[in-house]
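**Student:** One letter stands for each residue in the lines below.
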Amino acid sequence: MSDLTDLLIKLIPIFPLLAVISNGLLGGRYSHDVAHRLAWGSVGLSFLCTIGVFTDILRTGAAHEVIAYQWIFGGDLTINLAYLVDPLTCVMLLVVTGVGFLIHVYSVGYMHGEAGFTRFFTYMNLFMVAMLLLVMGNNYVVLFIGWEGVGLCSYLLIGYYYEKVSAAKAATKAFVVNRIGDAGFLLAIFLVFVNFKTLDYTKVFAQVGQLSPEMATAIALCLLVGAIGKSAQLPLYTWLPDAMEGPTPVSALIHAATMVTAGVYMIVRNHAIFDLSPTAMGIVGMIGGCTALFAATIGLVQTDIKRVLAYSTVSQLGYMFLGCGIGAYTAAIFHLMTHSFFKALLFLSAGSVIHALSGEQDIRKMGGLSKKIPWTYRLFLIGTIAIAGLPPFAGFWSKDEIMAHAFTHHHYLLYGMAAIGALLTSFYMFRLTYLTFYGSSRMDHHTKEHVHESPMVMVGPLMALGLLSLVGGLILGFPPEHGWLHKFLGPVAGIAGEHEAGAGLVFLLMGAATAIALVGWGLAHVLYSVRPATADGWAAKFSGAYTTLLNKYYVDELYDFLFVEPIKRWGELLDWFDRTVVDGMVRGVGQLADWGSAGSTWFEKHAIYAGLNVIGYGNHLAAREGRKMQSGMVQHYAAIIVAGLFLLALVVQIVIQM
Amino acid sequence: MLEELTAGFPILSCILFLPVVGAAVLWLIDDEDMVRTSALTIALVELALSIFVLLRFVPESAAMQFAEHVRWIPALGISYHLGVDGISVLFVGLTAFLTVLIVVYSWDTIRHQVKLYMMCLLALETTTMGVFVSLDLILFFVFWELMLIPSYFLIKLWGGGAERHYAALKFVLYTLLGSVFMLVGIALLNINFHQWASLHHTDQVYSFDLLELLTVPIPISQQILIFWLMFMGFAFKAPVFPFHTWLPDALLEGPIGMAVVLAGLKLGTFGFMRFSIPLLPDASKSETVVTVVVVLGLCAILYGAWMALIQPDFRRLLAYSSISHLGFIVVGLFALNYQGLQGSLLTMINLGFSTAGLFFIAGFLYSRQQTTQLSAFGGMAKQVPLLATFFLIIGLASIGLPGTNGFVGEFLILLGAFKAKWWFGAVAVLGVIFGATYFLWYYERAMFGPVGKAVKDTMSDLQLREMVIAVSLSVMILWIGLYPSPFLRIMNGSVQALVDRLNHGTVAALGAPPAGQGR
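Those protein sequence lines, which keep their order, are chains A and B.
906 is the number that our numbering gives the last residue of the first sequence; the numbers go up by one with no jumps.
533 is the number that our numbering gives the last residue of the second sequence; the numbers go up by one with no jumps.
Be aware that a few hints might be false.
[To be verified] Listed next, the stretches of chain A that the computed footprint assigns to chain B, with coverage defined by at least 3 CB atoms under 8 Å from CB atoms of chain B:
{"id": "1", "stretch": "256-265"}
{"id": "2", "stretch": "321-328"}
{"id": "3", "stretch": "336-348"}
{"id": "4", "stretch": "408-415"}
{"id": "5", "stretch": "422-429"}
{"id": "6", "stretch": "822-833"}
The hints are simulated quantities; they were obtained by calculation from the structure and are not laboratory data.
All C-beta atoms, glycine included, are put in the ideal place defined by N, C-alpha and C.
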C-alpha cells in the first residue's frame with residue numbers, strides 16, 4: 249500500500265507535465281478539443297491520485313517522503329527533487345487539484361473560440377505542475393522551484409492578451425514585485441542552510457530547537473518577505489489588482505484560490521521557526537490585520553467587478569496572515585480552503601457575468617441581471633454570503649475561528665481590525681451584488697440584447713463550488729476548533745492553544761460576527777437598493793476620501809515616485825558616468841600610451857637599432873625588414889609591449905630582491 | 015577494446031589543431047557554398063571529438079585526463095603539455111558547440127569574404143581551445159595572445175557598426191595591456207620555481223608547467239604580487255568592473271558570431287579558476303584580496319544590471335548584463351568555498367548557453383530589422399511567436415529562473431557567497447531582482463504591446479537554421495536546469511581538489527598527505 253502511495257505521489261505532478269509537453273510542442277497540430285481534454289483530463293487524473301494518497305494518509309496518518317532524483321549536489325550540499333506528503337500537503341493538494349480541475353473545466357467554455365486557446369491551457373497546466381511542486385516539495389529549494397514557477401505562469405497568463413499595453417505592463421510588474429519577495433526568500437534559504445547544514449524540512453524542523461531567538465527572527469522575517477510578495481500583502485500587494493488583466497479563470501485559479509495562498513502555506517509549513525520568534529509573529533499578525541483592513545477600504549469604491557474581487561482577495565489573505573500571526577495555523581489553513589471555494593466561485597461567476605455581457609467589467613454598466621442569468625446570480629449570491637460570513641456558509645466558520653482566536657488570545661487590536669474589515673467586506677460584497685444583479689439595467693442596447701446564461705460546462709463547475717461554499721465550512725470545521733480539519737492537521741500545524749474559551753464566549757463571538765455581516769448587508773441594501781441616490785450623495789460629500797480610495801491611496805503613484813523613476817534617472821546618470829568618466833579614463837590612458845609609444849619609437853630608432861648596428865650590418869638589415877612588417881597599430885603596440893615586458897620583469901625582480 | 019585503441023591517442027591535440035588545419039584547407043576552396051559546408055563539417059567533427067572526450071571523461075576525479083606532454087624548450091622549462099580536468103573539460107565541449115552554432119548562424123548572415131570569415135572563426139576556435147587545454151603557462155599565454163588576431167579581424171572586417179575599427183583596436187589593446195602584467199606574473203612564478211629548485215638541487219631548474227608549479231611553495235608576499243599581476247590579465251579579459259568599457263563596444267560593433275564567443279566563453283574568469291586560485295591559494299584567501307575582489311564583483315553585479323536597465327539597444331543591454339553576470343561569477347569564485355566555486359564554474363558554462371543564446375536572438379532580430387535598437391521593435395510576439403518564445407526561454411535562463419540552468423549556477427553562487435560572509439550574499443541577491451527587471455522590461459517593450467511602427471507586416475518567423483540554434487540552446491538550458499547531475503559529476507572532483515588546495519595552501523603541497531592536514 250505504501251509503495252502504491254509513493255507511486256501515486258510521483259504521478260501527481262507528472263500528468264499535467266505530460267499535458268504541457270504535448271500541448272506545448274504539438275498543440276498546433278490537433279484541434280482545440282484534444283488540447284482541452286488533455287488539459288483538464290490530466291488535472292483530473294492528478295486529483296484522483298491525490299484522493300488515493302489522501303485516503304492512505306487518512307488511514308495511517310503517516311507522512312510519505314519520496315525522492316524522484318538527486319538534483320543539485322556537491323560538497324556538503326545535497327538537494328533532491330523529492331516530495332513530502334503529510335496532512336498539510338494533502339489538504340493543499342486537494343485544494344489545488346480539486347479546485348484546479350473545476351476551473352480547467354470551466355475554462356473550456358470561457359475560453360472557447362479564443363485564438364490562443366491551446367497556449368492558454370499549456371500555461372494553465374504548467375502552472376499546475378509548478379504549484380504541485382510548491383506544495384509537495386520536501387525541501388526549500390523544490391518549494392522555490394514551484395514558487396518562481398507559479399510566478400512565471402502568473403506572468404505568462406496575466407500577459408495572455410499581450411497586445412494590450414496594460415496587460416503587458418501588469419505582467420512585468422507582477423514578476424518584478426514577486427522577485428523582491430523571492431530575494432528575501434532566498435536569503436531565508438541561505439540562513440537555514442548555514443544554521444542547519446541541510447535544506448530538508450524534516451531534518452531542519454527536527455533540530456529547530458537549537459536556533460537562537462535572534463536567528464529564528466531573522467529567518468522568519470526573510471521568509472515573511474517572500475510570503476508578502478507572493479501573497480500580495482502590504483507593502484507588496486500592488487501587483488495583484490493589476491493582475492486582473494489576465495483571463496478570469498486565471499484570476500480564479502492563480503490570483504485567488506491557489507498561488508497567492510502559497511505564502512500562507514509557507515508560513516504554516518515553517519511554523520516551527522515562527523513559533524520561536526514572538527517578534528516575527530507579531531509582525532506577521534500586524535501585516536495581516538493592516539492588509540485585511542486596508543484592502544477592504546479600497547474595495548468599497550472600485551467599479552470594476554474583478555478589481556473589487558481582487559482587493560477582497562488581498563483582504564482575505566490578510567485574514568490568513570493574521571491567523572498565522574496569532575498562532576491559529578489550522579484556522580488560517582481552514583480559511584485558505586474555504587476562501588479557495590468561495591473566491592473561485594465568485595471569480596468564475598463574475599467571469600460568467602462578463603461572458604454574458606460580451607466582455608463588460610464595469611459594474612456601473614450592469615444592473616438587473618438576476619432574471620437574465622439566474623444560475624449565475626444564485627451562485628454569485630452564495631459566494632457573497634459565504635465571504636460576508638453569514639452562518640452556515642463556509643466563510644463564516646473559518647473567519648469566525650480566526651477572529652475568535654484573536655479575541656480569546658487577547659489580541660484585541662487585531663480583533664478590532666478584523667471586525668471592521670469584516671463589516672467592510674460584507675458591505676462591499678453586497679454592494680457588488682446589488683449593483684450587478686439588482687435595480688434597473690444600465691447596459692447599452694447592444695449588450696442587453698446579447699445577454700445569455702453561460703453553457704453547462706461553465707455553470708457545472710460553478711455549482712460544485714457553490715455547494716462547497718455552502719457546506720464546506722460545516723464539513724471541515726464544525727464544531728469550531730474541534731472539526732475534522734483540526735484533527736487531521738493537528739500533528740503538523742500544532743494545536744491552536746491552551747486557552748479553552750468558554751462556550752458562552754464562543755457563541756457570543758459567533759453572534760457578533762453574524763451581526764457584523766448583517767450590518768454590512770443592511771447598509772449595502774439601504775444604499776444600493778432602497779435609496780440608490782444616497783451612495784452618490786455620500787461620495788460627493790466626502791469627495792476627498794472617496795477620490796483617495798478610488799485612486800487606491802495613490803500607492804502606485806507613490807512607488808513610481810519613490811522607486812521606479814529614481815532608478816531610471818540614476819540609471820541615465822550612471823550611463824553618462826560610464827561613457828565619460830570610466831571610458832574617459834581608458835581613453836586618457838590610451839592617449840598616454842600614444843605619447844609613450846612615440847617615445848618608445850624614438851628609443852627604438854636611436855638606441856636599439858644603434859646597438860644593433862654595432863653588432864653588424866646584416867643584422868641591421870634584418871631588423872629593418874622586421875620593422876617594415878610592423879605596419880598596423882596593433883603590431884606596433886605588441887612590439888612595444890614585448891620589449892617593455894622584460895624590462896618590467898627585471899624591475900619587479902630587482903624590487904623583490906631588495 | 016575501444017579503450018586500447020584510443021589509449022595514448024593524442025585526442026586533445028587533434029581537437030586543438032583540427033580547426034586551424036581545417037582553416038588552411040578552406041583556403042584552397044573557392045566556391046562559397048563549399049566553404050560553408052566544409053566549415054560546418056569541420057566544426058561538427060570537432061564537436062564529435064569533444065563529445066567523445068566528455069563521454070570518456072572519468073567524472074568525480076581531480077586528475078588531469080587525456081594528458082599529453084612533450085618537452086618544447088627544455089632549457090627554459092617550457093613544454094607542450096595538454097590535459098583536461100573537471101574545470102576545463104566542459105569548456106572544450108562548449109567551445110565546439112558554440113562554434114557549430116556560429117557557423118550555422120553565419121550561413122546566410124555573412125555575405126562577403128565568407129572564406130576569410132570562416133578561416134578566422136576556425137582559427138579562433140583553435141586558440142580558444144588552446145587556452146582551455148594548455149597546462150603549460152607559456153603555451154597558455156601563446157594561445158591567449160594568438161586569440162587576439164582572429165578576434166581583431168572578425169570585429170574589424172565583419173562588424174556591423176560604424177565604430178568597429180575603434181572597437182577592435184580598443185579590445186586588442188585592452189587585452190594586450192592586461193597580458194603584459196600577466197606575463198610578468200608568469201615570469202615571477204617561473205623565477206620562484208627556479209629559486210626553490212636551486213635550493214633543493216632538483217633536476218628541473220625552470221618550469222612553466224602548471225602541475226609542477228603547484229608543487230613548490232611560494233612566499234605569501236610573492237603570491238600577492240603575482241596574484242595582482244595575473245588579476246590584471248584576467249580581469250581585463252573577463253572583463254571585471256571597472257575594466258569593462260571595451261566590452262559594450264566590441265559586442266555592439268562586432269559581428270554576432272564574435273559577440274557569442276566573447277560573451278559565451280568566460281576566458282577571464284576561467285583563468286582565475288585554472289591558474290590564480292590553485293597556484294596562489296594563500297593570496298587568494300587573504301583578507302584584502304577577497305574583500306577587494308568580491309567588492310568589485312558586487313559592484314559589477316549592481317552596476318551592470320543597473321546599466322542594462324536603461325539601455326535601448328539590446329546588444330548593449332546584453333553587454334552590461336554580461337558584466338553583471340561576471341560579477342556573480344567573481345563573487346562565487348572568491349567566496350572560496352565549495353558551492354561558490356562549483357556555482358561559478360557552472361555559471362561560466364551556463365552563460366555559454368544563455369547569454370550567448372541571447373546574442374543569437376539579437377542576431378535574429380538584427381536580420382529582421384537591421385538594428386537591435388528598441389525603437390525598431392514592439393508587439394512582435396504576434397508576428398514572430400517562435401522567436402518570442404525562444405527569446406523568453408533563453409532570457410529566463412539568463413535571469414536564473416528555477417528549472418533553467420541559470421538557477422542552478424546562480425543559487426550555488428549566492429549560497430556560497432552567503433556562507434563566506436552573509437553580506438556578500440545579501441548584496442548579490444539584489445542582482446536577482448534587477449536581472450528580472452531589465453530583461454522583462456525590455457522584453458515587454460520589444461515583444462508585447464501594440465505592433466511597433468517600424469515592424470513590417472512581412473516579418474518572417476524563425477527559419478530552419480535559426481530553429482536549429484534556438485532549439486539546441488533551449489535543450490541544453492532545460493537539461494542543465496532540470497537534471498544537472500552529469501555536469502556536476504564532471505566538475506565535482508576538481509572542485510573538491512581546489513577546495514582542498516585552498517585549505518592547505520602552497521606549503522602543505524610539499525609531499526604532505528593531502529587529507530587531514532592544513533587549516
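**Student:** State for each hint whether it applies.
**Tutor:** Hints, one by one, checked against the model:
no. : hint    : verdict
1   : 256-265 : violated (count 0)
2   : 321-328 : holds (count 5)
3   : 336-348 : violated (count 0)
4   : 408-415 : holds (count 5)
5   : 422-429 : holds (count 4)
6   : 822-833 : holds (count 5)
In summary, the structure is inconsistent with hints 1, 3 from the numbered list given earlier, while agreeing with the others.
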